[in-house]
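Novice: Take the sequences, apply the hints, and build the full model.
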Amino acid sequence: MKLALFVACLIVAPPSGAAAQKPERARDLGVPFEGTPGPLDAITDVGGVEVGHRTLIVGSGKLVVGKGPVRTGVTAVFPRGKGSDDPVFAGWFTMNGNGEM
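In this note's numbering, the protein residues as written are 25 to 125.
I should point out that these hints are in silico values taken from the structure, not numbers from a laboratory.
Every value quoted in this text rests on a predicted model; they were computed, and no experiment measured them.
Glycine included, C-beta positions come from ideal geometry on N, C-alpha and C.
Any given hint might turn out to be false.
As the list claims (entries may be wrong) - Derived DEER-like restraints, expressed as beta-carbon distance ranges: (1) K46 with H77: 21 to 29 Å; (2) G90 with P63: 42 to 50 Å; (3) P56 with V82: 41 to 49 Å.
To be verified - Heads up, simulated EDC-like pairs for lysine to aspartate or glutamate below, C-alpha to C-alpha not over 20 Å straight-line: (4) K106 with D69; (5) K106 with E74; (6) K46 with D65.
Specialist: If you want it as structure tokens, here you go:
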């Protein structure tokens, strides 16, 4: 039984070399882009763009519905800076697919 479980784990587990490889970037594959990457190679390299984030970690121990512990966060991209009131086109994406907003 132990041998069968061991063999099953070997079949299902990915090789460690494949898991450690970095994904290929579009620029490295020859996809043309205007301009050159900035010093951080990040969205904040674009002039006027700012990013804000908040991480909330409250409580510890066993989960009690309605009380915690809580582990959540949000990231906001301000395409015209945090001080701008000018509207921009926007959309939203829910990673878990439940559609909360």
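Novice: Any of the earlier hints contradicted here, and which numbers?
Specialist: none
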